[in-house]
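Based on the provided sequences and hints, a complete structural model is requested.
Sequences listed follow chains A and B, in order. Count the first sequence with my numbering and you get residues 1 to 357, in order. Count the second sequence with my numbering and you get residues 1 to 360, in order.
Just so you know, nobody snuck in bad clues.
Below, a sample of chain B positions facing chain A; criterion: calculated Cβ distance under 8 angstroms: (1) Ala193; (2) Gln194; (3) Leu217; (4) Ile245; (5) Thr246; (6) Asp264; (7) Pro265; (8) Val266; (9) Glu268; (10) Leu276.
Away from chain B, derived, C-beta distances all over 10 angstroms, residues of chain A: (11) Pro68; (12) Met86; (13) Arg98; (14) Leu128; (15) Glu132; (16) Lys145; (17) Asp157.
The hints are simulated quantities; they were obtained by calculation from the structure and are not laboratory data. Where a beta carbon is used, it is the ideal one built from N, C-alpha and C, also for glycine.
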Amino acid sequence: MSIDRPSGDVVLSVRDLEVSFATRRGRADVVRGLDYDLRRGETLALVGESGSGKSVSTMALTKLIPIPPGRVTGTAMLDGQDLIAMSERDLLAVRGRRIGFVFQDPMTSLNPVHPIGRQLTEGMRHHLGISESDARDRAVDLLRKVGIPAAEKRLDDYPHQFSGGMRQRVVIAIGLSCDPQVLIADEATTALDVTTQAQIIELVNQLQDELGMAVIWITHDLGVVAGIADRVMVMYAGEIVEEADVDELFADPRHPYTVGLLKSLPVLGAFDRDELAAIPGLPPAPTDLPAGCAFHPRCAYRDDERCVSERPPLREVGGDAGSGHRIRSFYEVAEDDRRAAATAGIAAPEHREEDAS
Amino acid sequence: MSDPLLQVDDLHVHFPAGGRAVGGKRNPVRAVDGISFSIERGRTLGLVGESGCGKSTTGLSILRLVEPTSGTVTFDGTDLGNLGRKDLRRFRRRAAMIFQDPYASLDPRRTVGDAIGEALDIHDLHQGRQARATRVAELLERVGLHPDTGSRYPHEFSGGQRQRVGIARALAVEPDFLVCDEPIAALDVSIQAQVLNLLAELQDELQLTYLFIAHDLAAVQHVSDRIAVMYLGRIVEEGDRRDVITDPQHPYTRALLSAVPVPDPVAERQRSRVELVGDVPSPMNPPSGCRFRTRCPRVFEACGRIDPDLIPVGGGEGSVGGGHTAACLLHGEVGQPVERSEHPDANEIEAGLDGALPNR
Numbered sequence: 001m002s003i004d005r006p007s008g009d010v011v012l013s014v015r016d017l018e019v020s021f022a023t024r025r026g027r028a029d030v031v032r033g034l035d036y037d038l039r040r041g042e043t044l045a046l047v048g049e050s051g052s053g054k055s056v057s058t059m060a061l062t063k064l065i066p067i068p069p070g071r072v073t074g075t076a077m078l079d080g081q082d083l084i085a086m087s088e089r090d091l092l093a094v095r096g097r098r099i100g101f102v103f104q105d106p107m108t109s110l111n112p113v114h115p116i117g118r119q120l121t122e123g124m125r126h127h128l129g130i131s132e133s134d135a136r137d138r139a140v141d142l143l144r145k146v147g148i149p150a151a152e153k154r155l156d157d158y159p160h161q162f163s164g165g166m167r168q169r170v171v172i173a174i175g176l177s178c179d180p181q182v183l184i185a186d187e188a189t190t191a192l193d194v195t196t197q198a199q200i201i202e203l204v205n206q207l208q209d210e211l212g213m214a215v216i217w218i219t220h221d222l223g224v225v226a227g228i229a230d231r232v233m234v235m236y237a238g239e240i241v242e243e244a245d246v247d248e249l250f251a252d253p254r255h256p257y258t259v260g261l262l263k264s265l266p267v268l269g270a271f272d273r274d275e276l277a278a279i280p281g282l283p284p285a286p287t288d289l290p291a292g293c294a295f296h297p298r299c300a301y302r303d304d305e306r307c308v309s310e311r312p313p314l315r316e317v318g319g320d321a322g323s324g325h326r327i328r329s330f331y332e333v334a335e336d337d338r339r340a341a342a343t344a345g346i347a348a349p350e351h352r353e354e355d356a357s
Numbered sequence: 001m002s003d004p005l006l007q008v009d010d011l012h013v014h015f016p017a018g019g020r021a022v023g024g025k026r027n028p029v030r031a032v033d034g035i036s037f038s039i040e041r042g043r044t045l046g047l048v049g050e051s052g053c054g055k056s057t058t059g060l061s062i063l064r065l066v067e068p069t070s071g072t073v074t075f076d077g078t079d080l081g082n083l084g085r086k087d088l089r090r091f092r093r094r095a096a097m098i099f100q101d102p103y104a105s106l107d108p109r110r111t112v113g114d115a116i117g118e119a120l121d122i123h124d125l126h127q128g129r130q131a132r133a134t135r136v137a138e139l140l141e142r143v144g145l146h147p148d149t150g151s152r153y154p155h156e157f158s159g160g161q162r163q164r165v166g167i168a169r170a171l172a173v174e175p176d177f178l179v180c181d182e183p184i185a186a187l188d189v190s191i192q193a194q195v196l197n198l199l200a201e202l203q204d205e206l207q208l209t210y211l212f213i214a215h216d217l218a219a220v221q222h223v224s225d226r227i228a229v230m231y232l233g234r235i236v237e238e239g240d241r242r243d244v245i246t247d248p249q250h251p252y253t254r255a256l257l258s259a260v261p262v263p264d265p266v267a268e269r270q271r272s273r274v275e276l277v278g279d280v281p282s283p284m285n286p287p288s289g290c291r292f293r294t295r296c297p298r299v300f301e302a303c304g305r306i307d308p309d310l311i312p313v314g315g316g317e318g319s320v321g322g323g324h325t326a327a328c329l330l331h332g333e334v335g336q337p338v339e340r341s342e343h344p345d346a347n348e349i350e351a352g353l354d355g356a357l358p359n360r
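If you want it as structure tokens, here you go:
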């Protein structure tokens, strides 16, 4: 039942990525040593709560964070070129061209005083050096592709003339306009209603099949992850705490934080009015990270020796060697707990089965 | 048998539209356009719907933070529409509100102890400074914060802690009834469960009655006894949470449920989403007949003419407290949805439905 692990070429290879900021309260370590490979045609989901470093880690790839006060170290190889070492001038040819972006709120990522056609063609004219009329033709194609009706008539409309869902489609069209190798979608459906969100997720899945780009999908919503990802990285306090194929992550989660998140979700169709299994405490501030494992103050599995003093390495777990299932914890969650978390999401309402048939 | 604390009848809230239309007055925005429901003492009604459906306005107008255009709201036997200023203040001791954004709903320049204490001052609920401080500490402790934190400012708290402060402030007046408007939407996943648990705990302990307004169906299902689904200013389906979630009878409820992503990749791949076409129409100019018809996957001709009322559906007993109702022409005969595709003779169906449904 598991989907094929994308075996495409590695498009983006990130090693030892660290991002810190100088603040009045001292140095804030926001991203602390990220390693991953992104393959062609793959959707990698970055899940985590606010402050976990998921957005900053992707913004840092093209230096979309102010430096200083930010500091970025490590390497990010895109087609043999290191983005982190690249000059600002060279990065201009990467942003929007080889890496496309879709941000959370289409009302703020679109310019309200320009028609959307102009915002769509701007990047294409600059990056691809094509004429205004060619760019407009391409823009119409793109708008059709993202499902905007009467596309040629809408090029001269302004953002406020579109609904939220339609605006986000426009933003996706802009993100795709220069055929990027990597599309970074940062909470791209969070501001949308669920019915619109469902449409956008289908759209991105379908466009990816068609265009073969790699997608980094940043979200805090585990339901969205299940619907869109091939592979998942769970982030906590600036680190990857668990990484696995999407099926494996939900069927057999191993890190106490991942299991905690899954068990804390209310599940549609589960009516036993038990208390939700909340994770106690709060995530740490990046200026004041605990010693040892960053999750230890909230963890039910911690011991009082290693966990509080030593930072756990990211290590391979699970049955299949080479499955790429890794966790950053000295302890794995006990099997019955894992099973409880894995089945938590499966009690779907009855009518679902009906719809699926 | 049923003992509603709150009863809402045919509530309308219309807002005048800004600007001026060519050739005359603009239509008002019909944010809430004729809804009725009741909540029994000690129970929770979950109000779900997408942005702009009128669910927040409903909550505000019940507390008369927004004046209803028409309709009645009866709280514990008293018609709130007739309350003068003094009585209204007395009512507000019994009903309070928890807002979505704990960043926006707390004054950044006042300590949280002051924010909580203000409610005590307004309603004369303490004797002297010492008693006030004791009560604030008690409230803070009750919502899971350290009793000494009253002297701190909102920015010193995380989002989840701030929401706890918001809850403590609502509890300060010892209310019977709380309107919770998206109380967890702004919080992180691991914190949402903490706040939902706290609300459930407080309900048990203090016999509170909740109107829980949210767009998150899973959360609403978790905390509610009954669920009402809103679309474009109307309730389109209402019933016991189990009935609404497992046996939805209105096409909109079905669409909404099918769009909720579930944390299970296998289920996500297998299911097909009921795709809704188009966008929500403007509440200034809602469609004739059924408001959902412009997006409905099962629309037929009569839907443009008949504005359906909530009628008993499914296996509900049909009583006010226990029934399951939906506002859709598919339910011309109780429990027997009529599908257009199954009945090629649409005229006959419509004739039958016309007879079965009270026209508006």
